[in-house]
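Can you make the complete structure from the sequences, with help from the hints?
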Amino acid sequence: MRLKKPVRKIIMIFAILALIPLAIIFMVRMVPQPPQEKVKLARIALSEATSNKADTYSKNLYREAKALYDSAMINWQKENERFIYFRDFQKVEGFAEQAARKAEQASKTSRNNVTDLDTFLRGKIDKLNNIAGLIDKRYSSYPLSPEVWTRISKGRMLLKEAEVAFKKGDFAQAKIRIADSELLLTESFDWANAHLKDYFSSYPDWKKWADKTIRESRQNQSYSILIDKYSRKCLVYLGGVKKYEYHVELGKNWVGDKRMKGDGATPEGMYKVVRKYGPGRTKYHKALLIDYPNATDKAEFKQEIARGTLPGTARIGSLIEIHGDGGRGIDWTEGCVALTNSEMDVVYKIAKEGTPVTIVGSMVSLDQLPD
Amino acid sequence: MKNKVLMGLAVIAMVAVLTSCGKKPQAEIDAATAAIEAAKTAEAAVYVPAEFAAVQDSLNAALAAITEKESKLFKNFKGETAKLANVITLANTVTANAATKKEEVKAEAANLMTAIKAVIEENGKLIPKLPRGKEGAAVIEQIKADAATVDASVVEAQGLYDKGSFMDALNKIKAAKEKADGLNAEVKEVLTKARIKF
Chain A
86 MRLKKPVRKI
96 IMIFAILALI
106 PLAIIFMVRM
116 VPQPPQEKVK
126 LARIALSEAT
136 SNKADTYSKN
146 LYREAKALYD
156 SAMINWQKEN
166 ERFIYFRDFQ
176 KVEGFAEQAA
186 RKAEQASKTS
196 RNNVTDLDTF
206 LRGKIDKLNN
216 IAGLIDKRYS
226 SYPLSPEVWT
236 RISKGRMLLK
246 EAEVAFKKGD
256 FAQAKIRIAD
266 SELLLTESFD
276 WANAHLKDYF
286 SSYPDWKKWA
296 DKTIRESRQN
306 QSYSILIDKY
316 SRKCLVYLGG
326 VKKYEYHVEL
336 GKNWVGDKRM
346 KGDGATPEGM
356 YKVVRKYGPG
366 RTKYHKALLI
376 DYPNATDKAE
386 FKQEIARGTL
396 PGTARIGSLI
406 EIHGDGGRGI
416 DWTEGCVALT
426 NSEMDVVYKI
436 AKEGTPVTIV
446 GSMVSLDQLP
456 D
Chain B
39 MKNKVLMGLA
49 VIAMVAVLTS
59 CGKKPQAEID
69 AATAAIEAAK
79 TAEAAVYVPA
89 EFAAVQDSLN
99 AALAAITEKE
109 SKLFKNFKGE
119 TAKLANVITL
129 ANTVTANAAT
139 KKEEVKAEAA
149 NLMTAIKAVI
159 EENGKLIPKL
169 PRGKEGAAVI
179 EQIKADAATV
189 DASVVEAQGL
199 YDKGSFMDAL
209 NKIKAAKEKA
219 DGLNAEVKEV
229 LTKARIKF
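Chains A and B, in that order, are what the protein sequence lines are.
All residue numbers for the first sequence refer to our numbering, where the first residue is 86 and numbers rise by one.
All residue numbers for the second sequence refer to our numbering, where the first residue is 39 and numbers rise by one.
Treat the hints as calculated values from the structure; they're not laboratory data.
One or more hints might be untrue.
Using 35 Å as the maximum straight-line C-alpha spacing, the simulated DSBU-like pairs for lysine-lysine come out as follows [claimed, not checked]: (1) B:K231 / A:K327; (2) A:K346 / B:K182; (3) A:K144 / B:K139; (4) A:K260 / A:K292; (5) A:K222 / B:K155; (6) A:K212 / B:K78; (7) A:K193 / A:K253; (8) A:K437 / A:K293; (9) A:K193 / A:K292; (10) B:K226 / B:K144; (11) A:K123 / B:K144; (12) B:K231 / A:K368; (13) A:K123 / A:K209; (14) B:K139 / A:K193; (15) A:K253 / B:K113; (16) A:K437 / A:K318.
Derived coverage of chain B by chain A (criterion: at least 3 residues anywhere in the stretch with Cβ under 8 Å from a Cβ of chain A; other residues may be distant) [what the hints assert, rightly or not]: (17) 180–189; (18) 204–218.
Virtual Cβ for every residue (Gly too), placed ideally from N, Cα, C.
Written as structure tokens, this is what we have:
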């Protein structure tokens, strides 16, 4: 049975109308889809990497991730320029996946590096503050050269700058400052330690003199005075037992034995009180003059002149005393030993002409020094 | 036959209209990029780094959304244009915040610079009062070395300040100020112990 023409026409129109959306859906479905989710994930991962400071603490991975993301975007834009059905987003997808992976790695590495750096820098700051503290403790009154003090001072300033940067979370700057500070502080500390070690090479002699002085005090049941230069102590013994202990101030250049007049050093050796000066006879309250230079000092001075280690014009020092007017907090004498006036009163009272006065670098060895 | 041809043309025309109804908002992209550049020039990365990173993120997201739209058969950039407008507003805020922060840092550095100069001046007056004849004493050498280091640091900080590197100048001057204050306390302690009036 054949349909009538108008009916056929209506069916045809309906069929076409139904086919149009189908064709549109088909056309849309056939369009290759870009990997927008993957690109989005890569972008988020990159953004997280930035907030994790991967651009600073995982530079290479971050750079790679960024380059891969840029490649994904450039390729996507290139594909967009092609006819809609001829686009191929495989490369874009590949770059985006790689970018996300690298960015995640960069984030992780950066977080780890930041944690490690935090621990590392904290440790270094503590270590350098400890060295600075030891320098203060061991060498604040040790006559290091102005050059060494300048290096120590610069090292301390850099350490301060490193601490400021560290507190702000700027670990990269802190690390640079720490490296510079460490070089200056450790080198200066090592140099000072070597200098001190060299000074302490005389320790066996010092020990011998100190032991002999205490032994004689015990044997003679008399007073002996011991001066420990390093610990800045004046120890008064009676019958071999320590009776008094006072803080002393020394020559401004106290490290080492006195070699010549005007060197600012306090001599080391076994001496005796040769004269007592009461009030009005000395400008330093009261004083005990010792027999420096003794025969040993004179012989050493002559040898140095002969060897040429001292200039021919050099003169041997003299007038070394234990006197008052101390308590100033610094080493200020020309080689004498200064006590406070009240302490000097005690020492002056117990001392008489002939009282032994032994001056040593230290009564304890270098490794026994308190840190 | 004539009807069929007309129908076909209508479909093609419809597709053509739908696929070309949106144009890439290039002007807005350029404006947003310029706004970010302005923020960069205002040193937003130094003074407001988190805000700057956020606005850069927003631009990247907007650009990715535009590329995504460009892949589509039917394009409409209305949403992306709005996003770009938002980026521009955000970038302008970041630029303004960076300028404000920079001024704050500049003022703080300038204040510290004035304060440290006063401490240095006082130290300069106090150091010569340290016990006479003790120029070789270790403590004096230390104080002198510290004073010279502080002076050098202030000169460096001033150089950074003059160059406009206010953040670097501030970091340097902060450390120098701590040191100068410490030195001042140390000198006063020595003078007090030595019973010298200051």
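Next pair to validate is K226 (chain B) with K144 (chain B); report whether the Cα-Cα distance is within 35 Å. 31 Å, holds
Checking C-beta pairs, does the segment 180–189 of chain B have three or more residues closer than 8 Å to chain A? Three-residue rule met by the segment 180–189 of chain B, so holds; n is 7.
Going straight from one Cα to the other, do K437 (chain A) and K293 (chain A) come out at no more than 35 Å? 24 Å, holds
Just to be careful, I want the Cα atoms of K253 (chain A) and K113 (chain B) compared with a cutoff of 35 Å; is the pair within it? 47 Å, violated
Holds or violated: K231 (chain B) and K327 (chain A), Cα atoms, limit 35 Å. 28 Å, holds
Between the segment 204–218 of chain B and chain A, see if three or more residues pass the 8 Å beta-carbon test, and mark the coverage as holds or violated. holds (count 7)
Next pair to validate is K193 (chain A) with K292 (chain A); report whether the Cα-Cα distance is within 35 Å. 60 Å, violated
Is K231 (chain B) close enough to K368 (chain A), meaning Cα to Cα at most 35 Å? 20 Å, holds
Starting from K346 (chain A), check that the Cα of K182 (chain B) is at most 35 Å away, please. Holds, at roughly 26 Å.
What's the verdict on K222 (chain A) and K155 (chain B), does the C-alpha distance respect the 35 Å limit or exceed it? 29 Å, holds
Next pair to validate is K437 (chain A) with K318 (chain A); report whether the Cα-Cα distance is within 35 Å. 20 Å, holds
Is the straight-line distance between the alpha-carbon of K212 (chain A) and that of K78 (chain B) 35 Å or less? It is violated: about 38 Å lies between the C-alpha atoms, which goes past 35 Å.
Of the numbered hints given earlier, the model fails hints 4, 6, 9, 11, 13 and 15; all others are met.
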